[in-house]
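Asks: With these hints in hand, go ahead and build the complete structure from the sequences.
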Amino acid sequence: MILVSYDGSADAQAAIDHAARLMPGTRTTVLTIWEPYINMLSRTGSLGMDLGAAAFYGDADRMDTASRTAAQATADEGATRATAAGLVAEGRCEGRDVSVAATILAVAADVDAALVVLGTRGRGAVTSFVLGSVSHAVVQHADRAVLVVPSPALAEERHSHLRRASVPA
Amino acid sequence: MSAVDAALRPVLVGCDGSADARAAIDHVAELLPGAGVTILTVWEPLAGTLMRTGPMGGGGQWVDVEKADAASAVTALACATDGAERATAAGLDARPLVVASHDGVAVTILATAADLDAPLVVLGTRGRGGVGSLLLGSVSQSVIHHADRPVLVVPDADLARRRQERLHATTVPA
Numbered sequence: 001m002i003l004v005s006y007d008g009s010a011d012a013q014a015a016i017d018h019a020a021r022l023m024p025g026t027r028t029t030v031l032t033i034w035e036p037y038i039n040m041l042s043r044t045g046s047l048g049m050d051l052g053a054a055a056f057y058g059d060a061d062r063m064d065t066a067s068r069t070a071a072q073a074t075a076d077e078g079a080t081r082a083t084a085a086g087l088v089a090e091g092r093c094e095g096r097d098v099s100v101a102a103t104i105l106a107v108a109a110d111v112d113a114a115l116v117v118l119g120t121r122g123r124g125a126v127t128s129f130v131l132g133s134v135s136h137a138v139v140q141h142a143d144r145a146v147l148v149v150p151s152p153a154l155a156e157e158r159h160s161h162l163r164r165a166s167v168p169a
Numbered sequence: 001m002s003a004v005d006a007a008l009r010p011v012l013v014g015c016d017g018s019a020d021a022r023a024a025i026d027h028v029a030e031l032l033p034g035a036g037v038t039i040l041t042v043w044e045p046l047a048g049t050l051m052r053t054g055p056m057g058g059g060g061q062w063v064d065v066e067k068a069d070a071a072s073a074v075t076a077l078a079c080a081t082d083g084a085e086r087a088t089a090a091g092l093d094a095r096p097l098v099v100a101s102h103d104g105v106a107v108t109i110l111a112t113a114a115d116l117d118a119p120l121v122v123l124g125t126r127g128r129g130g131v132g133s134l135l136l137g138s139v140s141q142s143v144i145h146h147a148d149r150p151v152l153v154v155p156d157a158d159l160a161r162r163r164q165e166r167l168h169a170t171t172v173p174a
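Chains as they are written, first to last, in my numbering: chain A, 1 to 169; chain B, 1 to 174.
None of these hints come from the bench; they were simulated from the model. Where a beta carbon is used, it is the ideal one built from N, C-alpha and C, also for glycine. Incorrect hints may appear among the rest.
Which chain B residues face chain A? A few, computed with CB under 10 Å, are given here [said to hold, decoys possible]:
no., residue
1, His27
2, Glu30
3, Leu32
4, Ser140
5, Asp148
6, Arg163
Replies: Okay, here's the thing in structure tokens:
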């Protein structure tokens, strides 16, 4: 079992494709993380300060249900893509715990993943949870193997840098 | 898991002979059974070490640079060969490779990966500063930050265990 963190971005899709090419036939959990509304308010400093936000408190459950549903749809879309690419995948969504990295690692432990796959520089339509800072935190704290997949654009940019760096002066 | 894609180029595994490199080799054997792997050991020519660390021209004792470099290359080859033997025993299709570093270890690993068109670079880690630290080693960190291809980082068993204890006890930022 491997775990792929997925936010629906093209870069996260590229990470799935890489994993499929490297490990065809592997059982895969495609994870999309959503953020509970109350959690987002406290994180962004709006809690207890913004009257407009306060008006939505009563709707927190409804908003969380919508967030969870959207996240599960993204995870399922990722799983469909992963299955088409040759993995044996299922989608899973999870509410953000204290941090995205901690949530990813907790799910990895839950499914006993041999490997956590992360794209870098993902830019989802909504909030991306596969950004560089998350990859960094996961790699620094992971109690298991982590595969970091640079986005195609990032890979190309770095490739030309490396070629220049390795040319003797 | 099904058979590895025959068209896949060999995976590049960085090996410095430490416990973490051995863990990385074992993990690759588990994840990609039967895969082709190149076991790379990078060594640094003495002139480069002296330039980097400063004592060049400092009036220190002269050493036989050629002799020192030959010894480093031999040690590196022994290390890569040991790694390849471990990989072969674990069912991988392995060959050793030794490369002298002129631009730093991380750049050398990535330049070699580009030359070989490796689909993946694998590194083991024990954590920076050895026992007690949970952070990633500087070479692994540098490779991830400059990599133009996927990088697999494998913590050795001891680091994994210590991080697991930490994960249960505290919170992870970001």
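Asks: Could you tell me which of the hints above the structure violates, numbers in ascending order?
Replies: Violated hints: none; all satisfied.
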